[in-house]
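Enquirer: As a plain string of letters, each chain reads:
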Amino acid sequence: MNLEDLIPTDEICARYKVKRTFVSSLYESGLIEIITVEETEYVHCDEISEFERLWRLHYDLDINLEGLEAIQHLLRQVKKLQKQNLELKNRLGLYE
Amino acid sequence: MDFIDYYKLLELDKSASQADIKKAYRKLARKYHPDLNPNNKEAQLRFQQINEANEVLSDPEKRKKYDQYGKDWQHADAYEEAKKQQQASGGRAYSGGGFGGGQGSYSYSGNFDDDTFSDFFEEMFGSGARAHGSGRGRHFKGQDFNAELQLNLSDVYTSHKQTLTVNGKNIRLTIPAGVENGQTIKIKGHGGPGVQGDPKGDLYITFNIVNNTKFKREKENLFSNVSLDLYTALLGGELTVDTFAGKVKLKVKPETQTGTKVKLKGKGFPKYKKENQFGDLIITYDVKMPTNLSAREKELFQELQKLRS
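Chains A and B, in that order, are what the protein sequence lines are.
All residue numbers for the first sequence refer to my numbering, where the first residue is 89 and numbers rise by one.
All residue numbers for the second sequence refer to my numbering, where the first residue is 964 and numbers rise by one.
Chain A on its own, in the form it takes in the complex (with noise of 0.2 Å):
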């Protein structure tokens, strides 16, 4: 894995203003991956757009970490069928 494709806890705490257990308790939920080299904890920033919608969703919202556990499990559901949707759409095509 390229070094230059993570970011350090500490930077993205010091980023968004919050506390590190924030980050931790979204690793401890499952919410976000933390990847640790030579004991620096670091997040991929393929998943910076995944944490700032934790980080929005927390604080914008008031929503916990329970809540976000509930949103992120149903996200994942709208988006499944969002897809199974449009994909069962372009089928429906071939029978107009």
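Misleading hints may appear alongside valid ones.
Okay, the calculated bits of chain A under chain B, using three or more residues with CB under 8 Å as the criterion [stated by the list, open to error]:
no.: 1; region: 120 to 130
no.: 2; region: 161 to 172
Label pairs and their computed distance ranges (CB to CB) [claimed, not checked]:
no.: 3; chain 1: A; residue 1: E184; chain 2: B; residue 2: T1169; range: 16 to 24 Å
no.: 4; chain 1: B; residue 1: E1086; chain 2: A; residue 2: E99; range: 21 to 29 Å
no.: 5; chain 1: A; residue 1: E154; chain 2: B; residue 2: E974; range: 49 to 57 Å
no.: 6; chain 1: A; residue 1: E99; chain 2: B; residue 2: N1239; range: 39 to 47 Å
No wet-lab data here; the hints were simulated from the structure.
Bear in mind that the values here come from a model prediction, so they are computed numbers and not experimental data.
Glycine is no exception: its CB is placed at the ideal position from the N, C-alpha and C atoms.
Start from chain A and add chain B according to the hints.
Expert: Relative to chain A, chain B alone:
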């Protein structure tokens, strides 16, 4: 430009307290927040509206101006100017001022567009009136852009380069063959600029593919109906059919029934991001009966009928 009733948007009456506004805003924000409504443009628009309403009503200065002028907002500046003159000549003091700050505003660089304020808002409070961000910190990369691109089905049969204009910038990109209707692709680094050397955001393009052909498509397979005359269907023969890549000759088996399906392997649509791999073309025969029979033809068919009965 129409007057926007911010109270109605937040489902409040004019006597609402700051606590009521906060509560109503939070309730609606939870319902329409774009993070909770993926790919829902209606929710996104509604969220922008309630965000704007909150921006005005949660700020006592802005709310005062809004309440004072209401539907006559277009004349607000003229009224204020008149008041200032009145004040200078010993009239009643006016406490109006700038509109900085604000509470609870959203500033995003997520996978949805930034919050856009209405022309009504900009006109009444000025373009610098909105509060930028909640001051919690900045993001790691620039804003992600979303764009929709309409293409014909025939356009995506082959990979091709196309120039798109996104936010005034021309981007030349390769559209891979076989892209599907509704599919979104990410173009890394073509979103908004990053701050202080941070990486640029990404560009997400969703394809809207219009079928301009006689073929029907399901993923990489194509389907078409081919008319077959009665005599070829009965006795067999040769037939030339259209495929996406040109015409091909087909042998028709004797006694082919209407609705018979024939699969032409590899004559379908290209498989997305799989070079030189194609789906199949499935042809359904539609046997056409002859019409306007002559007396002689009728006679012969009657003869055939007798042979069968």
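Enquirer: It remains to establish, for every hint, whether it holds in the given structure.
Expert: Quick rundown of the hints versus the structure:
1. 120 to 130: The restraint on the region 120 to 130 of chain A is violated, since only 0 of its residues have a Cβ under 8 Å from chain B and three are required.
2. 161 to 172: holds (count 4)
3. A:E184 <-> B:T1169: 16 to 24 Å: For E184 (chain A) and T1169 (chain B) the Cβ distance comes to about 22 Å; the hint holds.
4. B:E1086 <-> A:E99: 21 to 29 Å: violated, 41 Å
5. A:E154 <-> B:E974: 49 to 57 Å: The hint (49 to 57 Å, Cβ to Cβ) is violated, given that E154 (chain A) and E974 (chain B) are roughly 28 Å apart.
6. A:E99 <-> B:N1239: 39 to 47 Å: Given range 39 to 47 Å: holds, Cβ gap about 45 Å.
The earlier numbered hints that this structure contradicts are 1, 4, 5.
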